[in-house]
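Residue numbers (this note's numbering), protein chains in the order written: chain A, 511 to 626; chain F, -19 to 97.
Quick caveat, the hints were computed from the structure, so don't treat them as lab data. Note that the structure is predicted; figures quoted are calculated from it, not measured. Careful: at least some of the hints might be erroneous.
[As the list claims (entries may be wrong)] In silico DSS-like cross-links for lysine-lysine, where the CA-CA straight-line distance does not exceed 30 Å:
(1) A:K618 <-> A:K583
(2) F:K58 <-> A:K618
(3) A:K583 <-> F:K37
[Stated by the list, open to error] A few chain F positions that, by computed beta-carbon distances, are all more than 10 Å from chain A:
(4) T(-7)
(5) Q(-3)
(6) V23
(7) S28
(8) E36
No residue lacks a Cβ here, since even glycine has one placed at the ideal position from N, Cα and C.
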Amino acid sequence: AQKITQTQPGMFVQEKEAVTLDCTYDTSDPSYGLFWYKQPSSGEMIFLIYQGSYDQQNATEGRYSLNFQKARKSANLVISASQLGDSAMYFCAMREPQNRDDKIIFGKGTRLHILP
Amino acid sequence: EPEVTQTPSHQVTQMGQEVILRCVPISNHLYFYWYRQILGQKVEFLVSFYNNEISEKSEIFDDQFSVERPDGSNFTLKIRSTKLEDSAMYFCASTRQGIGLAKNIQYFGAGTRLSVL
């Protein structure tokens, strides 16, 4: 079973509009961390935002916010006022610290295209 | 702002050759990782490294792979005899904190694209 599910392989959004990228996760661990990374066409992996499972508030970082719905195991990324430079691949990821291994598990990603 | 540095950005090699991918993690970080991304696929964990030894490795990380921290700054991934299916983007990552802390933000390098011919 997939640990991280991103159901939108691609999205097209008009510049300046807000966009929501979906992510659901699967874990039985009460303590976990959720991440979003951005991968532009140049290939690097850029950390965007983090949400801890015990955090009471949704994480925000500038134009990025994470809509964390714990009961639904959902951690959607919201980008407000999208810009052309937001065009990239976006990966949702999770870490379960109670497991021995400390790897990050990635979803398959969503390719976001911002239209001028 | 400190960053993870990877060299080279692109490596082309013949099948069967050895390659060494290099990484300089962020200087005060203690935990190091290699991930792989085959073109068009998701990022997969290869290995984690702490205190000069492997702490965890995936099934992908077979005997053809090895990692080393030869000095205080570099962290290398060696593929002993490359195969066509090793063609991928290889990412190095590092973090200050380790196992047991959920906010283990791993900062990634820009990647090395390995092409095996």
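For each hint, the structure was consulted:
no.: 1; hint: A:K618 <-> A:K583; result: holds, 17 Å
no.: 2; hint: F:K58 <-> A:K618; result: holds, 26 Å
no.: 3; hint: A:K583 <-> F:K37; result: holds, 27 Å
no.: 4; hint: T(-7); result: holds, 18 Å
no.: 5; hint: Q(-3); result: holds, 23 Å
no.: 6; hint: V23; result: violated, 4 Å
no.: 7; hint: S28; result: violated, 6 Å
no.: 8; hint: E36; result: violated, 4 Å
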